[in-house]
Structure formats: C-alpha cells, structure tokens
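Visitor: Please take these sequences and the hints and turn them into a complete structure.
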Amino acid sequence: MRLLDEALTFDDVSLVPAYSDVLPREVDLRTRITRDLEINIPLVS
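Taking this note's numbering, the leading residue of the sequence shown gets 1, the next gets one more, and so forth.
A few of these clues could be false.
[To be verified] The calculated label-pair distances, taken between Cβ atoms and stated as ranges, are:
1. L8 to T31: 18 to 28 Å
2. L3 to P24: 37 to 47 Å
3. L43 to E6: 21 to 31 Å
4. L3 to E26: 18 to 28 Å
5. T31 to F10: 18 to 28 Å
6. L43 to D11: 15 to 25 Å
7. I41 to D5: 12 to 22 Å
8. L23 to L3: 21 to 31 Å
By construction, these hints were calculated from the structure, which means they are not laboratory data.
Glycine included, each C-beta is placed from N, C-alpha and C at the ideal position.
Guide: The following block contains the structure:
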C-alpha cells in the first residue's frame, strides 16, 4: 500500500460562497462507474 505524503480532511478545507457563471441546467451530476456504465445520480465517497 502506498502512503500519501499529504492529505486533507473536511476540517482543513473551507468553501466560500461566491457568484458563479454556471447555470444549474448546465451541471452534470452523473457518476461513471466503469468505462461503459454511468448512473444519473451523484455519488460521493
């Protein structure tokens, strides 16, 4: 198993709200499971 030199946790990152030019209808939340398989729901692990 390879060990990482540096890693971040949720407490190490801050998200700051700001204006975005991305429209909600332009967002793609599909998840690619394999090269030939996508699902139409977001999956975060």
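Visitor: If a hint holds in the structure, say so; if it doesn't, say that too.
Guide: A quick look at each hint next to the structure:
1. Hint check: L8 to T31, Cβ distance near 22 Å, so the stated range 18 to 28 Å holds.
2. For the pair L3 and P24, the beta carbons lie near 39 Å from each other, so the given range of 37 to 47 Å is met.
3. About 25 Å separates the C-beta atoms of L43 and E6, a value consistent with the hinted range of 21 to 31 Å.
4. For the pair L3 and E26, the supplied restraint of 18 to 28 Å is violated, since their beta-carbon distance comes to about 38 Å.
5. In this structure the hint that T31 and F10 lie 18 to 28 Å apart at CB holds, the actual value being about 20 Å.
6. Taken as a hint, the range 15 to 25 Å holds for the pair L43 and D11, whose Cβ atoms sit roughly 23 Å apart.
7. One distance hint, 12 to 22 Å for the beta-carbon pair I41 and D5, is violated here, with the actual separation near 33 Å.
8. Judged by the Cβ atoms, the range 21 to 31 Å given for L23 and L3 is violated: they are separated by roughly 41 Å.
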